[in-house]
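Number of protein chains: 2
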Amino acid sequence: MRLAVDLAKAYRLLNHGPTVLVTSAHSERRNVMAAAWSMPLDFSPPKITVVIDKNTLTRELVDASGEFALNIPSRSLAAATVAVGSRSGKDETDKFASAGLKTFAASQIGAPLIEGCVGWLECRVIPEPHVQQTYDLFIAEVVAAWADPQDFSEGHWHFAAGRERSIHYVAGGTFFETGDEFKVGG
Amino acid sequence: MRLAVDLAKAYRLLNHGPTVLVTSAHSERRNVMAAAWSMPLDFSPPKITVVIDKNTLTRELVDASGEFALNIPSRSLAAATVAVGSRSGKDETDKFASAGLKTFAASQIGAPLIEGCVGWLECRVIPEPHVQQTYDLFIAEVVAAWADPQDFSEGHWHFAAGRERSIHYVAGGTFFETGDEFKVGG
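From first to last, the protein sequence lines are chains E and R. For the first sequence, position 43 matches number 37 in the numbering used here, and the numbering has no gaps at all. For the second sequence, position 34 matches number 28 in the numbering used here, and the numbering has no gaps at all.
Bound conformation, chain E alone (with noise of 0.2 angstroms):
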């Protein structure tokens, strides 16, 4: 299930630091790879920063597409995201099978989304070549952005008992899941 977030709001899909899984596609190919290294750069029009390695299928992709979305996983897609940080794209014919994710279609880009996942971020790249090229860093632009209302709706999460909350990967197949909310100050 999933209903368009306000691009405004978009950020908050991203603030508290998710591992987001990037997906892809040029011409007839497409891949996902999973990333720890991306963050909300600026609210609106919102932008986000990712790293995307020189050696990765993903990264001949959103070179040749200008585009890609961040994919949101629940902890039910944690062994799919480790599965698809662990193997190239370059050496498979089709990363989503083997890792049993299924995809659905973007709005505004040709990159798919994957089904299951509780937020996505479709993006298109702001050529920035020095910092591609010197620190395999990409800045895009959010252009369209979706969560599903179970766990997020009107600019909030609202993870609720029972349902599986985003995952924060540290290393060595080792994540955190999101913990418990907590409000401070007035």
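For the record, the hints were derived by calculation from the structure and aren't laboratory data. Computed from a predicted structure; not experimentally measured. Be a bit skeptical, because a hint or two may be false.
The list cannot tell twin chains apart, which means a pair is met if one copy fits it or any two copies do.
Straight-line C-alpha distance at most 25 angstroms; calculated DSS-like pairs for lysine-lysine [said to hold, decoys possible]:
hint, residue 1, residue 2
1, Lys177, Lys48
2, Lys84, Lys3
3, Lys84, Lys41
4, Lys48, Lys3
5, Lys48, Lys84
6, Lys177, Lys96
With the hints as your guide, set chain R onto chain E.
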């Protein structure tokens, strides 16, 4: 309590996307601000990236000194994190004091480090004027890193029962605490 973190493992302090406190100093002035928008950028030598808005005192101090620290607060510092994220150091003589934050000296840089945090990264700016100016985005090398060994040692987080964990800001005073650790795959 704090022990040095092997620089090759320093990225793991930030990999799960915690909110940080950015400390800076120049000449007789020092400041602290909150930042949810920071992430690792490279392993070795370790680099990080963080957004530092043009309108902040922190920006002036970082521009002048070329240095800052990322301090990783635990839940007991959440109210102080919101406080220093809501007020400008330009309007106060010492935001540390008004937020009840105590500091100690860093090892490699002039910016102070904040007591009661679970991890600390001392950073030296890698000048990238275009992205600094256009996106308020700072790229820096981590020149020293520290952690409270009760929470992070030998390259791994291991928050024990009863220990306060790192925190992840969303918006409007709302945070997620870092949740339960889990492991997938071989």
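Going through the hints against the structure:
When the C-alpha separation of Lys177 and Lys48 is checked against a cutoff of 25 angstroms, the pair qualifies neither within a copy, at 40 angstroms, nor between copies, at 28 angstroms. For the identical chains of this complex, Lys84 and Lys3 are neighbours neither inside a copy (35 angstroms) nor across copies (28 angstroms), given an alpha-carbon limit of 25 angstroms. For the homomeric pair Lys84 and Lys41, neither the shortest alpha-carbon distance inside one copy (28 angstroms) nor that between copies (27 angstroms) is at most 25 angstroms. Taking the shortest Cα distances, Lys48 and Lys3 sit within 25 angstroms of each other only across copies (22 angstroms), while inside one copy they are farther apart (31 angstroms).
In this assembly of identical chains, Lys48 and Lys84 lie within 25 angstroms of each other by CA distance solely inside one copy; the values are 12 angstroms within and 41 angstroms between copies. Within a single copy, Lys177 and Lys96 get their C-alpha atoms only as close as 36 angstroms, which misses the 25 angstroms cut-off; across copies the closest is 23 angstroms, which meets it.
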